[in-house]
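Number of protein chains: 2
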Amino acid sequence: MLKLNLDHVLMDVEWEKYQPRVSELHHQLLSKTGKGNDYLGWLDWPYEYDKQEFERIKKAAIKIREQAQVLLVCGIGGSYLGSKAAVEMINGHFKQDSLELIFVGNTFSSTEIVRVLDYIQDKEVAINVISKSGSTTETAIAFRIFRQFVEEKYGIEESINRIYVTTDKERGLLRPLVKERGYESFIIPDDIGGRFSVITAVGLLPIAAAGINIDKMMKGFVDGRNEFSKENITENPAYQYALMRRLLQEQGKDVELFVTYESHLSFISEWLKQLDGESEGKEGKGLFPASVTNSTDLHSMGQFVQEGTKLLFETVITTKNPLADMKFPVDATNADGMSYLENKSLHWVNQQAMLGTLEAHTVEGNVPNILIELEDNSAYTFGYMVYFFFMALAMTAYYLDVNPFDQPGVEVYKKNMFKRLGKE
Amino acid sequence: MLKLNLDHVLMDVEWEKYQPRVSELHHQLLSKTGKGNDYLGWLDWPYEYDKQEFERIKKAAIKIREQAQVLLVCGIGGSYLGSKAAVEMINGHFKQDSLELIFVGNTFSSTEIVRVLDYIQDKEVAINVISKSGSTTETAIAFRIFRQFVEEKYGIEESINRIYVTTDKERGLLRPLVKERGYESFIIPDDIGGRFSVITAVGLLPIAAAGINIDKMMKGFVDGRNEFSKENITENPAYQYALMRRLLQEQGKDVELFVTYESHLSFISEWLKQLDGESEGKEGKGLFPASVTNSTDLHSMGQFVQEGTKLLFETVITTKNPLADMKFPVDATNADGMSYLENKSLHWVNQQAMLGTLEAHTVEGNVPNILIELEDNSAYTFGYMVYFFFMALAMTAYYLDVNPFDQPGVEVYKKNMFKRLGKE
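Going line by line, the protein sequences match chains A and B. Just so we're aligned, residue 63 is where the first sequence starts under the numbering used here, counting upward by one. Just so we're aligned, residue 63 is where the second sequence starts under the numbering used here, counting upward by one.
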């Protein structure tokens, strides 16, 4: 579950004043009559998803865990950010598991590709390639290289058994390959954009392969969808967060700094950078999304946040119950002067750091802080949180009067790049 | 080596106009008469460093590599950012090495600490604890926990053989422990602040332990120090970069977005966030430092950079010769439509992505871009680059009229935190 705390935003909001506008946008959204309404498939997905495919995802995940030591998740943008954020949040770093996920197909870095090839040389490997068009350049390059690796290692027949394709139902370059070879395949729906696709097979197969219970995650999607679709802004934390972002930007806070207090939550911020930045960063508008992981980054970015240019507010994502905890041990010599913390829970210490920072940044630093407290780092809470951010994003972008579901600006560099690469 | 390219900053600069001010600040810096002048030890360090200690660092590194599978580098802020940036840049990710570096002591995350403890349970371990005062809370907590682990695993006597302490020459809580136990120790100089400390034992011991040639890195420090200390701005790329940052901020570009095109370079951006953000983020001034790794993040942040709020400029750090490269393989079926890239170097493809993006962001997006091209990812080039950024930072902060070498704002959250933790 999830709690929103707006006690530290350094302003008072009369929610009622904004209710008419929020109601109008809410109805546009739910009746699918607003901007970008042909990409609203995510809205009812938790009710309408393909149950048979969902069961196939779970079976494929079990098969992958049996056959492989490394799953290469080959995708870029929305085709990896959500699943990586989920797996890191729910499993944590340094988890000792029989299957390792390596996210490839998201870079042209020759160094990275060569090194991953070296690394998997003697390991049992499976691939999940994820691309709607099949022509996303980074992903297509990596898929050719790693597919050839698997074909050479296992032969064509067994390679078919180890390649899982998540793509468009009919179109694109991967579908014909699926039909020709007989790869097991999963569908990227037409009406769900990349940055919302963690709720589909795009996210669910890698997440399930990581040993995570996707039934519980789906329950989180359903409950989050229900909870954060209330019209009344005073009853809907997602809409409150949405509005608060706009009010803070209207005050000149052009940067939203996402803050986590555990490194294994930091990829939530990366996922949010796409969800928010790509949705509202258009027509010269939108909040610039940035991130830190505290208390680590208080020792690099803390000075700026405390006393630098006043251009930002913070959105702090914390966890009430961490994945693991321990008591600080006793040392009778107290040579390090740390004995005042003996037998204290480390998570409690982390929470005091968060609270002390909150006070420093808001009271002394005059930097508004929004708090989002997660109950735990479970699959259910991840799913629930996803819909908090989905509903908030839709409302906040509609409030900004932009289409949250297109991304016209990402084609510009591709056009230039293709010209340089000699693509016809 | 390093080249600065200012062809895409979307303005013409008459360097001569700024020479008098730059000359004045240059003399303040080199004669050590400017703000924060008691923290200018980094300036002449490449000439004056302790040669005997340098040899001891190399010997200790060899010993660590012989005795351990995991080196726990226990430090926060400047005590880990520089060495992590160096090791990732020079060794790359997924390097198969007998020694793994794990950076601890930079978080209160109970999950992270418990997981690392689990992970090292059956491995041979050494520790390098790095803290000037010995009382930095994150580091002191981790050091007690991991020191006890090593003492229990090996016994007190052998633990002494596996713990390396980098701390103040005389003061602080770690020095008495060194004297009592006889740990091998290295010195953090009084006049070199944390964010400049990568050039000292702070950075050099972990870097050398990672198998990197620190003689070559020191040569890079020397050559960079010489190259980027020229008074004449037209002959000094570091001062040009310094001035450009100020001129861009004066135009309302309050965010500097550091861009790399390989994930193993992305920690350079993290190191720069401390170097720049902590140095100039004071008195309500300074550029907000953020970062992306392209082309990966073009699929999340690309839309915002291209068409979002016009608050940023980009500083792009690229590499001419990567750590590894390969040719894109042939597939006679061309089912993926990628055969137009066959036999092309992947690094060349990555460079075309960079050039296409540069054009898209500057020409169509009207976002100024500064290019910093590194010759390669060697230890020498890292060292050379460090002084480019050091000299640029000193000049840019003096130009902004702030003291680049203090960080008064980082004490505020600590004060609040200590109160909550019950520290006397």
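Bear in mind the hints are in silico, worked out from the structure with no lab data behind them. Careful, some of the hints might be misleading.
[What the hints assert, rightly or not] Pair by pair, the computed Cβ-Cβ distance ranges are:
1. K485/B x K215/A: 30 to 38 Å
2. I164/A x S401/B: 38 to 46 Å
3. Q210/B x L179/A: 52 to 60 Å
4. E435/B x Y402/A: 33 to 41 Å
5. Q158/B x G244/A: 53 to 61 Å
6. E297/A x M73/B: 22 to 30 Å
7. N223/A x S401/B: 22 to 30 Å
8. D393/B x S160/A: 44 to 52 Å
[To be verified] Which residues of chain B face chain A? A partial, calculated answer using Cβ under 7 Å:
9. M73
10. F156
11. S171
12. R206
13. K241
14. E324
15. N465
16. Q469
[What the hints assert, rightly or not] Okay, derived cross-link-like pairs now, PhoX-like style, lysine-lysine, Cα gap no bigger than 20 Å in a straight line:
17. K389/B x K372/A
18. K278/B x K372/A
19. K389/B x K485/A
20. K372/A x K94/B
21. K281/A x K113/A
22. K315/B x K315/A
23. K157/B x K113/B
24. K113/A x K382/A
25. K382/B x K278/B
26. K372/B x K347/A
27. K292/B x K94/B
28. K292/A x K94/A
29. K113/A x K94/A
30. K347/A x K406/B
31. K157/B x K185/A
32. K347/B x K477/A
33. K406/B x K65/B
34. K125/B x K485/A
35. K113/B x K94/B
36. K347/B x K113/B
37. K121/A x K315/A
38. K315/A x K477/B
39. K315/A x K185/B
40. K315/A x K372/A
Just so it is clear, CB atoms sit at the ideal spot from N, CA and C, and this is done for glycine as well.
Here is how each hint holds up against the structure:
no.: 1; hint: K485/B x K215/A: 30 to 38 Å; in the structure: 57 Å, violated
no.: 2; hint: I164/A x S401/B: 38 to 46 Å; in the structure: 26 Å, violated
no.: 3; hint: Q210/B x L179/A: 52 to 60 Å; in the structure: 40 Å, violated
no.: 4; hint: E435/B x Y402/A: 33 to 41 Å; in the structure: 51 Å, violated
no.: 5; hint: Q158/B x G244/A: 53 to 61 Å; in the structure: 35 Å, violated
no.: 6; hint: E297/A x M73/B: 22 to 30 Å; in the structure: 50 Å, violated
no.: 7; hint: N223/A x S401/B: 22 to 30 Å; in the structure: 26 Å, holds
no.: 8; hint: D393/B x S160/A: 44 to 52 Å; in the structure: 32 Å, violated
no.: 9; hint: M73; in the structure: 20 Å, violated
no.: 10; hint: F156; in the structure: 4 Å, holds
no.: 11; hint: S171; in the structure: 4 Å, holds
no.: 12; hint: R206; in the structure: 6 Å, holds
no.: 13; hint: K241; in the structure: 11 Å, violated
no.: 14; hint: E324; in the structure: 4 Å, holds
no.: 15; hint: N465; in the structure: 12 Å, violated
no.: 16; hint: Q469; in the structure: 5 Å, holds
no.: 17; hint: K389/B x K372/A; in the structure: 47 Å, violated
no.: 18; hint: K278/B x K372/A; in the structure: 41 Å, violated
no.: 19; hint: K389/B x K485/A; in the structure: 17 Å, holds
no.: 20; hint: K372/A x K94/B; in the structure: 31 Å, violated
no.: 21; hint: K281/A x K113/A; in the structure: 13 Å, holds
no.: 22; hint: K315/B x K315/A; in the structure: 14 Å, holds
no.: 23; hint: K157/B x K113/B; in the structure: 30 Å, violated
no.: 24; hint: K113/A x K382/A; in the structure: 32 Å, violated
no.: 25; hint: K382/B x K278/B; in the structure: 19 Å, holds
no.: 26; hint: K372/B x K347/A; in the structure: 8 Å, holds
no.: 27; hint: K292/B x K94/B; in the structure: 16 Å, holds
no.: 28; hint: K292/A x K94/A; in the structure: 16 Å, holds
no.: 29; hint: K113/A x K94/A; in the structure: 24 Å, violated
no.: 30; hint: K347/A x K406/B; in the structure: 39 Å, violated
no.: 31; hint: K157/B x K185/A; in the structure: 15 Å, holds
no.: 32; hint: K347/B x K477/A; in the structure: 38 Å, violated
no.: 33; hint: K406/B x K65/B; in the structure: 25 Å, violated
no.: 34; hint: K125/B x K485/A; in the structure: 53 Å, violated
no.: 35; hint: K113/B x K94/B; in the structure: 24 Å, violated
no.: 36; hint: K347/B x K113/B; in the structure: 39 Å, violated
no.: 37; hint: K121/A x K315/A; in the structure: 47 Å, violated
no.: 38; hint: K315/A x K477/B; in the structure: 26 Å, violated
no.: 39; hint: K315/A x K185/B; in the structure: 48 Å, violated
no.: 40; hint: K315/A x K372/A; in the structure: 7 Å, holds
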